[in-house]
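*Asks:* One letter stands for each residue in the lines below.
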Amino acid sequence: MAKTNPGWFFEDYSVGQVIDHAVPRTLSGGERALYHALYPARHALYSSDAFAQACGLPSAPLDDLIAFHTVFGKTVPDISLNAVANLGYAEGRWHRPVWPGDTLRSQSEVIGLKQNSNGKSGVVWVRTSGLNQKDEVVLDYVRWVMVRKRDLDAPAPETVIPDLSKTVAAEDLVVPAVLNFTGYDFTLAGEPHRWGDYEVGEVIDHVDGVTIEEAEHMQATRLWQNTAKVHFDATFREDGKRLIYGGHVISMARALSFNGLANAQMIVGLNGGAHANPCFSGDTVKAWSEVLDKAETGAPGVGALRLRLVAVKAGAQPGALKGDDGKYLPDVLLDLDYWALIPL
Amino acid sequence: MAKTNPGWFFEDYSVGQVIDHAVPRTLSGGERALYHALYPARHALYSSDAFAQACGLPSAPLDDLIAFHTVFGKTVPDISLNAVANLGYAEGRWHRPVWPGDTLRSQSEVIGLKQNSNGKSGVVWVRTSGLNQKDEVVLDYVRWVMVRKRDLDAPAPETVIPDLSKTVAAEDLVVPAVLNFTGYDFTLAGEPHRWGDYEVGEVIDHVDGVTIEEAEHMQATRLWQNTAKVHFDATFREDGKRLIYGGHVISMARALSFNGLANAQMIVGLNGGAHANPCFSGDTVKAWSEVLDKAETGAPGVGALRLRLVAVKAGAQPGALKGDDGKYLPDVLLDLDYWALIPL
Amino acid sequence: MAKTNPGWFFEDYSVGQVIDHAVPRTLSGGERALYHALYPARHALYSSDAFAQACGLPSAPLDDLIAFHTVFGKTVPDISLNAVANLGYAEGRWHRPVWPGDTLRSQSEVIGLKQNSNGKSGVVWVRTSGLNQKDEVVLDYVRWVMVRKRDLDAPAPETVIPDLSKTVAAEDLVVPAVLNFTGYDFTLAGEPHRWGDYEVGEVIDHVDGVTIEEAEHMQATRLWQNTAKVHFDATFREDGKRLIYGGHVISMARALSFNGLANAQMIVGLNGGAHANPCFSGDTVKAWSEVLDKAETGAPGVGALRLRLVAVKAGAQPGALKGDDGKYLPDVLLDLDYWALIPL
Numbered sequence: 001m002a003k004t005n006p007g008w009f010f011e012d013y014s015v016g017q018v019i020d021h022a023v024p025r026t027l028s029g030g031e032r033a034l035y036h037a038l039y040p041a042r043h044a045l046y047s048s049d050a051f052a053q054a055c056g057l058p059s060a061p062l063d064d065l066i067a068f069h070t071v072f073g074k075t076v077p078d079i080s081l082n083a084v085a086n087l088g089y090a091e092g093r094w095h096r097p098v099w100p101g102d103t104l105r106s107q108s109e110v111i112g113l114k115q116n117s118n119g120k121s122g123v124v125w126v127r128t129s130g131l132n133q134k135d136e137v138v139l140d141y142v143r144w145v146m147v148r149k150r151d152l153d154a155p156a157p158e159t160v161i162p163d164l165s166k167t168v169a170a171e172d173l174v175v176p177a178v179l180n181f182t183g184y185d186f187t188l189a190g191e192p193h194r195w196g197d198y199e200v201g202e203v204i205d206h207v208d209g210v211t212i213e214e215a216e217h218m219q220a221t222r223l224w225q226n227t228a229k230v231h232f233d234a235t236f237r238e239d240g241k242r243l244i245y246g247g248h249v250i251s252m253a254r255a256l257s258f259n260g261l262a263n264a265q266m267i268v269g270l271n272g273g274a275h276a277n278p279c280f281s282g283d284t285v286k287a288w289s290e291v292l293d294k295a296e297t298g299a300p301g302v303g304a305l306r307l308r309l310v311a312v313k314a315g316a317q318p319g320a321l322k323g324d325d326g327k328y329l330p331d332v333l334l335d336l337d338y339w340a341l342i343p344l
Numbered sequence: 001m002a003k004t005n006p007g008w009f010f011e012d013y014s015v016g017q018v019i020d021h022a023v024p025r026t027l028s029g030g031e032r033a034l035y036h037a038l039y040p041a042r043h044a045l046y047s048s049d050a051f052a053q054a055c056g057l058p059s060a061p062l063d064d065l066i067a068f069h070t071v072f073g074k075t076v077p078d079i080s081l082n083a084v085a086n087l088g089y090a091e092g093r094w095h096r097p098v099w100p101g102d103t104l105r106s107q108s109e110v111i112g113l114k115q116n117s118n119g120k121s122g123v124v125w126v127r128t129s130g131l132n133q134k135d136e137v138v139l140d141y142v143r144w145v146m147v148r149k150r151d152l153d154a155p156a157p158e159t160v161i162p163d164l165s166k167t168v169a170a171e172d173l174v175v176p177a178v179l180n181f182t183g184y185d186f187t188l189a190g191e192p193h194r195w196g197d198y199e200v201g202e203v204i205d206h207v208d209g210v211t212i213e214e215a216e217h218m219q220a221t222r223l224w225q226n227t228a229k230v231h232f233d234a235t236f237r238e239d240g241k242r243l244i245y246g247g248h249v250i251s252m253a254r255a256l257s258f259n260g261l262a263n264a265q266m267i268v269g270l271n272g273g274a275h276a277n278p279c280f281s282g283d284t285v286k287a288w289s290e291v292l293d294k295a296e297t298g299a300p301g302v303g304a305l306r307l308r309l310v311a312v313k314a315g316a317q318p319g320a321l322k323g324d325d326g327k328y329l330p331d332v333l334l335d336l337d338y339w340a341l342i343p344l
Numbered sequence: 001m002a003k004t005n006p007g008w009f010f011e012d013y014s015v016g017q018v019i020d021h022a023v024p025r026t027l028s029g030g031e032r033a034l035y036h037a038l039y040p041a042r043h044a045l046y047s048s049d050a051f052a053q054a055c056g057l058p059s060a061p062l063d064d065l066i067a068f069h070t071v072f073g074k075t076v077p078d079i080s081l082n083a084v085a086n087l088g089y090a091e092g093r094w095h096r097p098v099w100p101g102d103t104l105r106s107q108s109e110v111i112g113l114k115q116n117s118n119g120k121s122g123v124v125w126v127r128t129s130g131l132n133q134k135d136e137v138v139l140d141y142v143r144w145v146m147v148r149k150r151d152l153d154a155p156a157p158e159t160v161i162p163d164l165s166k167t168v169a170a171e172d173l174v175v176p177a178v179l180n181f182t183g184y185d186f187t188l189a190g191e192p193h194r195w196g197d198y199e200v201g202e203v204i205d206h207v208d209g210v211t212i213e214e215a216e217h218m219q220a221t222r223l224w225q226n227t228a229k230v231h232f233d234a235t236f237r238e239d240g241k242r243l244i245y246g247g248h249v250i251s252m253a254r255a256l257s258f259n260g261l262a263n264a265q266m267i268v269g270l271n272g273g274a275h276a277n278p279c280f281s282g283d284t285v286k287a288w289s290e291v292l293d294k295a296e297t298g299a300p301g302v303g304a305l306r307l308r309l310v311a312v313k314a315g316a317q318p319g320a321l322k323g324d325d326g327k328y329l330p331d332v333l334l335d336l337d338y339w340a341l342i343p344l
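The listed protein sequences derive, respectively, from chains A, Y and X. Using the working numbering, you'd call the opening residue of the first sequence number 1 and step up by one each time. Using the working numbering, you'd call the opening residue of the second sequence number 1 and step up by one each time. Using the working numbering, you'd call the opening residue of the third sequence number 1 and step up by one each time.
A few of these clues could be false.
[Claimed, not checked] Chain X stretches covered by chain Y per the calculated footprint, using a threshold of three residues with CB under 8 Å from any CB of chain Y:
hint, segment
1, 11 to 23
2, 202 to 215
3, 220 to 234
4, 243 to 255
[To be verified] Computed list of chain Y residues with no C-beta within reach of chain A, every gap over 12 Å:
hint, residue
5, Glu-11
6, Val-23
7, Glu-31
8, Arg-32
9, Ala-33
10, Asp-78
11, Ala-83
12, Asp-151
13, Glu-191
14, Asp-197
15, Glu-202
16, Leu-292
17, Gly-319
18, Leu-321
19, Asp-324
Don't read these hints as lab results, they were simulated from the structure. Heads up, the beta-carbon is just placed ideally off N, CA and C, and yes, glycines get one too.
The following block holds chain A by itself, in its conformation from the complex (with noise of 0.2 Å):
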């Protein structure tokens, strides 16, 4: 036993400290095939070179959530193996694409801890980074989780509560350089919808839906080393019921949300998000979004929209969110707030 990883608890953080997070992993055509197999993914700019390079790209880089998933995967043994609750993230943003044959390793800051008032756990606030062989980050982003004591004995931390912003401001959303969006073909993309044909305000029912089988959800979860026994040992919890790994509901409530913003090809902003309730296999997912926001960008050709992207069991209502209570409905599964760029 002694050699196993127990994972980290509230009282083994303190602000400050830097973790470097194993297993690195180079990223292949494999995994974009895979991600493609797993997911209705069809963003154009993600599926072919020929298009890529047509908006200015070397060739088509792995998707934006390849890249998030790898990057979170890597932080569960040290930050969430005892968390009671994944809490929430902001200030997320991709700094460069990440392309087949890049390594891609993690690394966190501790940030803010907050002991809760039962003394039998605390909240943890990280600021992850994602960086590839050149040591170039890729994506960083802040989580906090809440995670069990050890040792109920152990003080209490000094609390330290980050000061986060409520969303990434437009000006700061990282556009590569090279991106071009003004020859974009429309037609192959597979929509006509351009940044202008969206308002703030606006709800789009994505329509399609996909039910949740074992197989796919634990193939995507290993894809990205995620550890997590809840997502793949059925005898772990006392219900028998393997617990979908949220990123598994935010890449397919993404994929999904093609159909609608087929043309909200990179994802740039991370904002914010909610795993509302929790999904299992069986569950049948379908998506709806909220434009939020829209922003000029200076790349020619690019605009940006910042969209609420929320995944829902089939039969829920398109645009309920919550109840009079201010809680989630049930049937949400996830409420995310990201930045994506579109033509203008």
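Use these hints to put chains Y and X onto chain A, whose structure you have.
*Replies:* Only chains Y and X this time, still in chain A's reference frame:
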């Protein structure tokens, strides 16, 4: 709702119309690995660079059905999203192999229209071409589907029924210029049977069977970016079943046919095909083939076999296709008529 | 029927016979991605080009068990299609890493035969070699199986029982010439435990578990082009269950053993192995290891551990292997004896 793709309806088509289908796709070794994980595909020309090089090719191409499914999948949003039935295929030819790194897109021309007498739907014939990044045709075929009308009052178009060949003539098959089977290694290929060993009328029971899983047919269908809801959403059909994409059955049967047709390496012609009965998860698929015709080709050591490939449910009698009423037997899933290249 | 492969029967083998197995296979990053999606594989040397380069290798090799399964899978049509039981392994050695782009084929020599006293079957011993496109041996091992006779009246062959080593001697292990663990990064590898931290007799419970799914074991088994019907066809066995390929359990257990043996990077020897009990979909697989022996190697910073890797069903007691009757306990699935390289 206005921004999502409702698909095309019968009155949206006109003869001569050319449709550029969306979402080009770059294929890699990842798609091949998945294909070989999802089907028991073992034809040596597509499995081994060394074997392909010994046959004159620069390396192993991607399986011919990867090209077919990729090209077909792109047409679904424009051709068959509102299709009531997939009626047939004709005049299919593979013009050149597809290699890892190639980017495929699809284009269809409407070549026939006939409104049904009930006025609620009609038949649409399209000739679809798959093009690579050099705009070379890699594959083309005719397909016809029955499509619903949106507006039942829309006037019927002039009836145009294309004059289609019953089979692709052997002299019209395209054999890659470099292909050479004179040094073919039958041991490495897995069977000793050559062109001369097959007789017209011969029936081969391929013996092996595979039980279909939801997670596998969905992964396959997504890999081709086929978006038809009926394959993914268990809430879509009243019976709660997900219909298996017909191409999944084609690939499964073709892969099973290795056992008895290991040397029928390269698919070059598609004469016709019918999805005789629906297939669902839990069905066990088996296959048998009948030799329909034989031809020589100009290429060194290369013969052609015209084969009927029949997918059935376990328990079916090999060779039994239709009942006395001329209809397919209930345990027949697929009846496919194709040309394959085999060493003389 | 005549054209399909009925497999070999006991009387078809003779000592000294060399069998070239069919369907060579070129491996790519796609096979690696699938391997990492199907198993929780996280050994850093096989996950990251950068990590492998820091250990002297040109890039990350494919996981050693990818090589094993690929080589093994090719032997199935000729060796074990009519096997009643897979009896054992011995004298397995990995001679050089396998890289994306390599093409593997398999060759077996019959080295032993013994007809059973019932006259209905016999034991066949083969030494199988996996060869790359340069005809270099990448792997060889001895395997013995019990095979049925086709013709019960066929005369018994002369009994030849090969003289097999109980274990591969440490000095016979092949360590890649360039391998160097002196600059090994334990943080990136995921655990601090080095060669000196393990003691002979030590038992490590790997804690994590994975519940087996039909779609996953079938994908894995097809990936190695293993054709045994019993893994794929739910109508083949009377109980309607698909037997899990023993190699799926090997890979699952090895991947689970990361937790406690993260630095046991490279598999170089296979001393023996038994598939103690059958595994089926729905079983939750866990694993424990016992340190059987330790050895130094000539390579800089590289030690070797001889490990017993035991796969069990959830609920089994770590360390418990056999009952008082000397038979494997019913919840033991696999007992594998191998050598791995680990930093000193």
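*Asks:* Each of the hints needs a verdict: does it hold here or not?
*Replies:* Results for each hint:
1. 11 to 23: Three-residue rule met by the segment 11 to 23 of chain X, so holds; n is 3.
2. 202 to 215: holds (count 3)
3. 220 to 234: Holds: 9 residues of the segment 220 to 234 of chain X have a Cβ under 8 Å from chain Y.
4. 243 to 255: violated (count 0)
5. Glu-11: holds (20 Å)
6. Val-23: The claim is violated: Val-23/Y sits with its nearest Cβ about 5 Å from chain A, within 12 Å.
7. Glu-31: For Glu-31/Y, whose nearest Cβ neighbour in chain A is about 5 Å away, the distance does not exceed 12 Å, so it is violated.
8. Arg-32: Violated, since 8 Å does not exceed 12 Å.
9. Ala-33: violated (6 Å)
10. Asp-78: violated (10 Å)
11. Ala-83: The claim holds: Ala-83/Y sits with its nearest Cβ about 16 Å from chain A, beyond 12 Å.
12. Asp-151: holds (20 Å)
13. Glu-191: holds (29 Å)
14. Asp-197: Fine: 37 Å to the nearest Cβ keeps Asp-197/Y off the interface.
15. Glu-202: holds (36 Å)
16. Leu-292: holds (34 Å)
17. Gly-319: Non-interface label stands for Gly-319/Y: nearest chain A Cβ at 35 Å, farther than 12 Å.
18. Leu-321: Correct as stated: the minimum Cβ-Cβ distance to chain A is 33 Å, above 12 Å.
19. Asp-324: The claim stands: Asp-324/Y keeps its Cβ more than 12 Å from every Cβ of chain A (closest is about 39 Å).
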